[in-house]
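Enquirer: Spelled out, the chains give:
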Amino acid sequence: MGKRIGTEVSLAVAEAVKMAKVDVVSAYPITPQTHIVEELSQIVADGHLDAAFIPVESEHSAMSAAVGAAATGARVYTATSSQGLALMHEILFIASSLRLPMVMTVANRALSGPISIWNDHADIMAERDIGWVQLFVENGQEALDLTIAAFKIAEDKRVLLPVCVNMDGFILTHMIEPVELPDQELVDKFLPAFEPALKLDPQNPVTMGPVGVPEIYTEAKKQWEQALIHSKPVVEEVLNEWADIFGRKYNLIEKNGPEQAETVFVTMGSLGETLMSAVEELNEQGENVGQVRIRLWRPFPKEEFKQAIQGVKKLIVIDRALSPGAVNGPVASEIKTLLYELDDKPEVVNIIAGLGGRDVTRSDFKAMLEKAQKGELKDDYTIWGVRSHAK
Amino acid sequence: MLNKEDIKFEKITAKNLPKETLISPGHRACQGCGEILAMGMVMKAAGPNTIVANATGCMEIVTSPYPETAWRVPWLHVAFENAGAVASGIEAAVQVLHRKNKLKEKPNIIAFAGDGATADIGLQSLSGALERGHDFLYVCLDNEAYMNTGIQRSSSTPYGAMTTTSPPGIKSKGQYTWKKNVAMIAAAHNIPYVATASPAYYLDLMNKVRKALAVDGPAYIQIYSPCPTGWRSKPEQSITLAKLAVQTGAFPLYEVENGRFKITQKTKELKPIKEYLQLQRRFRHLADDDIAYIQERVQDEFERLKALAGLDA
Numbered sequence: 001m002g003k004r005i006g007t008e009v010s011l012a013v014a015e016a017v018k019m020a021k022v023d024v025v026s027a028y029p030i031t032p033q034t035h036i037v038e039e040l041s042q043i044v045a046d047g048h049l050d051a052a053f054i055p056v057e058s059e060h061s062a063m064s065a066a067v068g069a070a071a072t073g074a075r076v077y078t079a080t081s082s083q084g085l086a087l088m089h090e091i092l093f094i095a096s097s098l099r100l101p102m103v104m105t106v107a108n109r110a111l112s113g114p115i116s117i118w119n120d121h122a123d124i125m126a127e128r129d130i131g132w133v134q135l136f137v138e139n140g141q142e143a144l145d146l147t148i149a150a151f152k153i154a155e156d157k158r159v160l161l162p163v164c165v166n167m168d169g170f171i172l173t174h175m176i177e178p179v180e181l182p183d184q185e186l187v188d189k190f191l192p193a194f195e196p197a198l199k200l201d202p203q204n205p206v207t208m209g210p211v212g213v214p215e216i217y218t219e220a221k222k223q224w225e226q227a228l229i230h231s232k233p234v235v236e237e238v239l240n241e242w243a244d245i246f247g248r249k250y251n252l253i254e255k256n257g258p259e260q261a262e263t264v265f266v267t268m269g270s271l272g273e274t275l276m277s278a279v280e281e282l283n284e285q286g287e288n289v290g291q292v293r294i295r296l297w298r299p300f301p302k303e304e305f306k307q308a309i310q311g312v313k314k315l316i317v318i319d320r321a322l323s324p325g326a327v328n329g330p331v332a333s334e335i336k337t338l339l340y341e342l343d344d345k346p347e348v349v350n351i352i353a354g355l356g357g358r359d360v361t362r363s364d365f366k367a368m369l370e371k372a373q374k375g376e377l378k379d380d381y382t383i384w385g386v387r388s389h390a391k
Numbered sequence: 001m002l003n004k005e006d007i008k009f010e011k012i013t014a015k016n017l018p019k020e021t022l023i024s025p026g027h028r029a030c031q032g033c034g035e036i037l038a039m040g041m042v043m044k045a046a047g048p049n050t051i052v053a054n055a056t057g058c059m060e061i062v063t064s065p066y067p068e069t070a071w072r073v074p075w076l077h078v079a080f081e082n083a084g085a086v087a088s089g090i091e092a093a094v095q096v097l098h099r100k101n102k103l104k105e106k107p108n109i110i111a112f113a114g115d116g117a118t119a120d121i122g123l124q125s126l127s128g129a130l131e132r133g134h135d136f137l138y139v140c141l142d143n144e145a146y147m148n149t150g151i152q153r154s155s156s157t158p159y160g161a162m163t164t165t166s167p168p169g170i171k172s173k174g175q176y177t178w179k180k181n182v183a184m185i186a187a188a189h190n191i192p193y194v195a196t197a198s199p200a201y202y203l204d205l206m207n208k209v210r211k212a213l214a215v216d217g218p219a220y221i222q223i224y225s226p227c228p229t230g231w232r233s234k235p236e237q238s239i240t241l242a243k244l245a246v247q248t249g250a251f252p253l254y255e256v257e258n259g260r261f262k263i264t265q266k267t268k269e270l271k272p273i274k275e276y277l278q279l280q281r282r283f284r285h286l287a288d289d290d291i292a293y294i295q296e297r298v299q300d301e302f303e304r305l306k307a308l309a310g311l312d313a
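Chains F and U are the protein sequences, given in the same order. Each step along the first sequence adds one to the number in the working numbering, with nothing skipped, and position 310 is 310. Each step along the second sequence adds one to the number in the working numbering, with nothing skipped, and position 189 is 189.
Derived from the structure by calculation, the hints contain no laboratory data. Built from N, CA and C at the ideal position, the CB exists for glycine as well. Hints may contain errors.
[To be verified] Reference excerpt, derived from the structure (chain U facing chain F, CB under 10 Å, subset only):
no.: 1; residue: Ala85
no.: 2; residue: Glu91
no.: 3; residue: Thr165
no.: 4; residue: Tyr201
no.: 5; residue: Leu203
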């Protein structure tokens with residue numbers, strides 16, 4: 001078995017990238033992603049990883065260089081956050097439409113303004129439609145495990161898409177946790193060397209990124225969409241294989257609490273851990289409440305989600321991002337759309353919480369439940385904990 | 001420190017011109033297009049063991065409308081402003097894959113971009129790539145405006161030129177700034193090789209490409225590329241214009257080899273700029289005093305270049 005150590009989660013992610021034996025790391029520093037790329041540059045400098053570390057001059061170039069390197073047949077990693085992810089925006093679509101596997105950690109952080117270095121999910125919610133496989137992790141172990149697994153998902157010939165691993169900035173990136181480092185030998189067995197389906201090779205020249213005339217554009221987009229949709233069973237397969245080898249099982253949707261919970265909280269990312277304790281306490285107090293956590297955000301696991309909330313009367317969906325002018329927060333909008341077709345649908349209330357690093361505690365969850373039960377929450381959404389007289 | 005020795009490379013002469021055509025005929029460039037002409041020459045000099053990163057622009061559009069492609073070498077287009085960064089990624093991957101024995105022979109890596117993609121929106125990614133020392137050649141195909149989107153001014157548009165966003169009028173003489181000198185900006189990065197070239201001087205152009213590819217590290221070549229559509233000039237006069245640009249000093253030919261400036265054009269006495277300007281309708285609104293003003297500036301610039309090349313010492 002692997003070695004159990006105490007480490008900062010960012011360093012564990014860097015270790016995972018090392019274990020994945022990447023060829024190229026292309027990155028620009030941004031808080032709270034910095035510790036990951038600092039550690040990787042040290043690992044490369046110390047000769048523990050034979051890779052090119054490209055210290056680019058911007059995130060836009062980080063993603064552009066990643067695309068160039070992946071197209072040449074290299075296994076590629078990058079990491080970013082917030083404004084950096086926003087700066088990559090236009091190239092994120094191109095990376096996935098070129099069907100280039102690569103892995104990116106997003107240390108989730110609020111977007112300006114006002115400038116905030118702290119956690120919420122505004123950055124990735126602005127990038128929902130980039131066509132990448134998107135995962136949300138809950139703790140250090142999961143961050144490490146899914147970073148390695150992400151390469152296998154990305155490089156699977158049935159997928160060939162970039163994968164983004166979301167982890168809450170500071171709350172996870174700067175947390176020191178006990179994690180189990182898998183054995184390199186087993187990682188190598190799980191993740192063999194990258195064999196690109198197509199690459200820039202003078203022996204066999206290909207044209208990548210040509211002009212999409214109107215006659216073929218729709219078809220190209222359909223293929224792009226289908227590739228992402230069809231990645232779901234592969235994600236599941238890879239996570240099952242991970243469980244077989246390393247003994248840690250990750251589901252696309254995680255469920256916790258009583259089997260027939262009346263009210264269920266829905267979260268993504270590290271909030272799930274806090275919620276777990278809150279749910280436990282609430283159950284002890286006699287409340288029939290459970291939780292569902294979305295691990296795979298894109299492609300959205302529709303069937304698995306519907307399965308997980310069967311028989312539930314009320315859903316309290318927590319969004320960690322604001323979608324100004326929209327009907328709900330991004331996650332709640334997604335879920336309401338999904339439930340529309342059901343005859344027996346639960347009531348959905350939406351709470352926007354934890355913006356820009358605001359803590360969401362166990363007592364917050366308890367208060368949310370109380371308000372939801374009293375019917376005090378709005379039809380659309382409620383921004384939680386606003387310190388103002390205005391309602 | 002830059003190497004002070006002359007760059008060693010296999011010279012191209014009229015007798016040993018490479019036969020391969022790596023950009024196939026049937027592409028969709030306009031008649032008399034200087035960019036496609038220059039690009040073909042660059043590729044001839046580079047040879048088939050080359051990977052190309054192409055910025056969005058005329059050349060990307062005309063050579064790659066799916067399902068057709070004019071490219072006989074591996075080619076990648078990503079976006080408008082990032083040819084330097086994309087080439088950086090290709091180069092880093094080539095180096096590491098070669099080191100790991102996953103790639104037998106290292107290919108040449110060339111980034112092509114127009115003047116808008118180079119002097120304006122892509123200047124940062126170009127500068128970043130040059131500063132980091134990636135071993136690749138960046139070619140700016142300079143047709144002095146955004147021709148792909150319909151003739152808007154760029155910072156490489158020369159003073160007085162009419163474009164759709166630098167129109168002459170009662171309060172305007174057309175473009176009101178002087179051409180941004182990206183070759184000098186590239187040279188300021190202290191890279192091993194920088195040059196200007198013209199398709200009218202094809203052997204000079206191809207040998208500059210050979211030199212650029214022979215050095216270890218980044219190289220930059222700015223190629224003057226007549227655009228009949230945007231300059232309102234006759235397609236059959238593109239080469240005449242390319243020659244006149246050099247002979248009048250509007251686009252002097254020089255190279256910066258390991259930091260040493262060298263003027264590479266035969267004409268040391270400049271022809272009057274009017275001969276060059278009058279063949280293009282983009283300058284026809286200019287009065288004699290405007291032309292005199294341009295003449296003075298061109299002469300000054302050429303003297304400055306001569307001084308850099310040590311010719312006035």
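Enquirer: Honestly, which of those hints from before does the structure not fit?
Expert: Of the numbered hints given earlier, those the structure breaks are 3, 4, 5, listed in rising order.
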